[in-house]
Amino acid sequence: MDFRQEFIEFAVRQDVLRFGEFQTKAGRLSPYFFDAGLFNDGAALGRLAEFYAKAITTSGLAFDSLFGPAYKGIPLVAVIAVALARAGRNLPFSFNRKETKDHGEGGSVVGASLAGRVLIVDDVISAGTSVRESVELIRAAGATPCGVIVALDRMERGGGDLSAVQEVEQDYGMPVIAVASLDDLLAFLRHRSDFSQKEAAVARYREEYGVASGR
Numbered sequence: 679m680d681f682r683q684e685f686i687e688f689a690v691r692q693d694v695l696r697f698g699e700f701q702t703k704a705g706r707l708s709p710y711f712f713d714a715g716l717f718n719d720g721a722a723l724g725r726l727a728e729f730y731a732k733a734i735t736t737s738g739l740a741f742d743s744l745f746g747p748a749y750k751g752i753p754l755v756a757v758i759a760v761a762l763a764r765a766g767r768n769l770p771f772s773f774n775r776k777e778t779k780d781h782g783e784g785g786s787v788v789g790a791s792l793a794g795r796v797l798i799v800d801d802v803i804s805a806g807t808s809v810r811e812s813v814e815l816i817r818a819a820g821a822t823p824c825g826v827i828v829a830l831d832r833m834e835r836g837g838g839d840l841s842a843v844q845e846v847e848q849d850y851g852m853p854v855i856a857v858a859s860l861d862d863l864l865a866f867l868r869h870r871s872d873f874s875q876k877e878a879a880v881a882r883y884r885e886e887y888g889v890a891s892g893r
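Every position in the sequence shown, counted from 1, becomes a number in this note's numbering once 678 is added.
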């Protein structure tokens, strides 16, 4: 099975990916909800990191270090660094604190110094706020933000014709890698007879609010 399909199955099994009726920040009624914060035990977080590592490796993106924006990016960047090291690629990682520290080591960045090409780690991209803040912080340190890795690309239009992911790619000229996308979710549902009603609802939502596939 393709790792993207494995990831969707894993997210459903962990109750991280749920089906029903959920209101989005944009006021839309979505037939599914994804909350990466529910990967909240050691085994689940470790498995999640393996999926991220697989997606990163498969992308072929060249980078020198990992950066996780506070707060959700902090545990993610740490476990992904461990997963990549176990797969044979040992890389430095860092994250930021929300408030600049004026004693001890000082500054807002914790971990390795920001240098070279930096891959930003996050769970999803909604408004793109954490990406913008991360890009500014990385550039201020003299390093180069070279991409973003997220768990799920909802492939959903924002205020205009582009999705939040496409807006990030356009605004910063760098790729956004997703472990899985809405198209992968639909493919999973399509091959599960017990999810036929859910597939129809997600397909309707995709038709109404979706953007073109990037893959």
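These are calculated hints, taken from the structure and not from any lab test. Certain hints may be false.
[Claimed, not checked] Label-pair restraints from in silico Cβ distances:
1) Gly766 with Ser874: 39 to 49 Å
2) Arg706 with Arg810: 31 to 41 Å
3) Gly705 with Leu840: 17 to 27 Å
4) Arg870 with Arg775: 23 to 33 Å
Don't be surprised by glycine CBs; every beta carbon is placed ideally from N, CA and C.
We went through each hint and held it up to the structure:
| no. | hint | in the structure |
| --- | --- | --- |
| 1 | Gly766 with Ser874: 39 to 49 Å | holds, 41 Å |
| 2 | Arg706 with Arg810: 31 to 41 Å | violated, 23 Å |
| 3 | Gly705 with Leu840: 17 to 27 Å | holds, 18 Å |
| 4 | Arg870 with Arg775: 23 to 33 Å | violated, 42 Å |
This entry does not satisfy hints 2 and 4, going by the numbered hints stated previously.
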